[in-house]
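Given the coordinates of chain A, assemble chain B onto it according to the supplied hints.
Taken in sequence, the protein lines are chains A and B.
Numbering-wise, the first sequence is residues 4 to 362 according to our numbering.
Numbering-wise, the second sequence is residues 426 to 672 according to our numbering.
None of these hints come from the bench; they were simulated from the model.
Note that beta-carbon positions come from the ideal geometry of N, C-alpha and C, so glycine has one too.
A portion of the hints provided could be inaccurate.
Unchecked claim - Pair by pair, the computed Cβ-Cβ distance ranges are:
# : chain 1 : residue 1 : chain 2 : residue 2 : range
1 : A       : 114       : B       : 554       : 29 to 37 Å
2 : A       : 208       : B       : 464       : 15 to 23 Å
3 : A       : 208       : B       : 592       : 34 to 42 Å
4 : A       : 225       : B       : 433       : 29 to 37 Å
5 : A       : 135       : B       : 439       : 30 to 38 Å
6 : A       : 197       : B       : 484       : 21 to 29 Å
7 : B       : 439       : A       : 114       : 33 to 41 Å
What the hints assert, rightly or not - Far from chain A by the CB rule (all over 10 Å, computed), these chain B residues:
#  : residue
8  : 467
9  : 532
10 : 579
11 : 652
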Amino acid sequence: MDKKLLMRGSQVIGEAAIRAGCRFYAGYPITPQNALPEFMSGAMSGLENGTFIQAESEIAAINMVIGASMAGARAMTSSSSPGISLKQEGISFLAAMELPAVIVNVMRGGPGLGNIAPSQGDYFQATRGGGHGDYRTVVLAPAHGQELADLTRKAFEYADRYRTPVMILADGMIGQMMEPVVFPDPVKLDELPPKPWVLDGAQERPSRIIKSLILDTVEMEEHNWKLARKYKIISGEIPRAETYMTEDARFVVIAYGTAARIARGGIKRAREMGLKVGLLRPITLWPFPDRAIREMSRLVKDFMVFEMNTGQMIDDVRLSLEGRSNVHFYGRPGGIIPTPDEVGKAISSLYYRQHLEED
Amino acid sequence: MEELVFTRPRYIKKTPFHYCPGCGHSIIHRLVAEVIEELEIGERTIGVPPAGCAVLAYDYFDVDMGEAPHGRGAAVATGIKRILPDRIVFSYQGDGDIAAIGTAETIHAANRGENITVIFVNNNCYGMTGGQMAPTTLLDQKSTTTPGGRDKNRDGAPIDLSEMIALTKGSVYIERTAVNSTRNIRKTKKAITKAFKAQIAGRGFSLVEILSPCPTNWKMSPLDACRWIDEDVMQTFPLKVIKDEIG
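Chain A with its partners taken away, still in its complex shape (with noise of 0.2 Å):
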């Protein structure tokens, strides 16, 4: 373990990428992700076997990310979402291909153009895959510093033993904001689990292929359910989830990333005029957090969502409750980022409006 140190977000996950073994990198400029191509371009140039690729164009970085990944590169790539939107032929190509890889998506106001500042507008996009086809993308949401480093290292390990892609998804909050972080140490490239399926050139062994192009349709059926199996098992052994002052809860809020550091202000604010709020923060937003949200309803009633946007996630919730408990809403679209206060308000008035004040 290393010492403490200050560094901004989106460097943060840089560093944790290359201690994860990341070797390559390729990416394309756009506000608020800059920081951390501009790190890698560094970071890579000071490491014997590094390759860091400013590419023509997002769609041309995530290609140069397949190849990376078919040659068996720890590979990464990073945007923001309209340049994520651009990469999501090449994302359904690495779940179609069970190539691993990493992207990382400092989401902005949207759609369209929107503009720069935090915005969680992408998570339809992230967790229903995104692109074309029967797939699913792991959807890490990291909420601070720490946990940026954390989930990278952990975005890498996810992406070798699934063989699929893995995103990470943050906002322009957590990619700017500069915050203490102890990283884990380097892995050693040479112990990390063999890959017996990369394009190396076919020496003492059979040629391999890599494709998606499965134009039998018994056989396509056949690779669907064979990942339709793979998304099962990784639903059953990853989803993650924090809690924060949910023991007595009769309400509880939904956020994840910078929401949820907000919403914990509002719920300090909350529990000091007596109100018993606490919070559920999923950590993976696919496979979504379903059961614990399920067993929580048991004894709460009444669920606030919130998220920076008009409402993505909360399909999630309702899906999960299955109707057991009530399903409110707050949200901020457009890049507004709410105060803590602001939060507190939204809790308080439905906290008494649903008269969970009484016993």
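Relative to the frame of chain A, chain B by itself:
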């Protein structure tokens, strides 16, 4: 005593080609495989097939093959080569793939001087999808999307992608050849050999554009298709060494 004088190249699998009668892909596959064998690089070569008629190239080449999304061959090849610089990486792309949807990836890979080899098969149409106009379709050439012939004012003129790539500082060897005659096939093999040798020597981006007959979509007999390349296609796309910094 019988002597074996003609056989399947070592790096072509025993899978029957699906290509149409008279199509140039089978010849070009064979040439590439022969060159790989002669240069003794089969165990360290990785190929990148395109979307298009040659998408199934991975079923024919007996080397490691990694499919690229439509047009992205040069970007995928870039990723492979940067991780494994001592391997030989080639992409195999059609004219729609490389000169329309993949123009940016190709030009920028060349400009960066990526040490890869591109086999660019130009049959002046989108073959796999049924013969639509490609960026390389000749003026007045009929296609399913230019039923009255390609019109310069409406559809633009055929694009000289190889000449454009030659303008980039990172490209070292660009030649346009054809496979419509024995003589041209021999010259094509020479060009492919030179392109791979450029990569082996670490010189930079090499590309061979190969004019290739598509009798099915041109609605011609194979013989007429070969003749049409000589008489018409070469007027727009003359056979020549476009750039040679190898010597």
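Open item on the list: Check the structure against each numbered hint from earlier and tell me which ones fail, lowest number first.
Closed with: 7, 8 and 9
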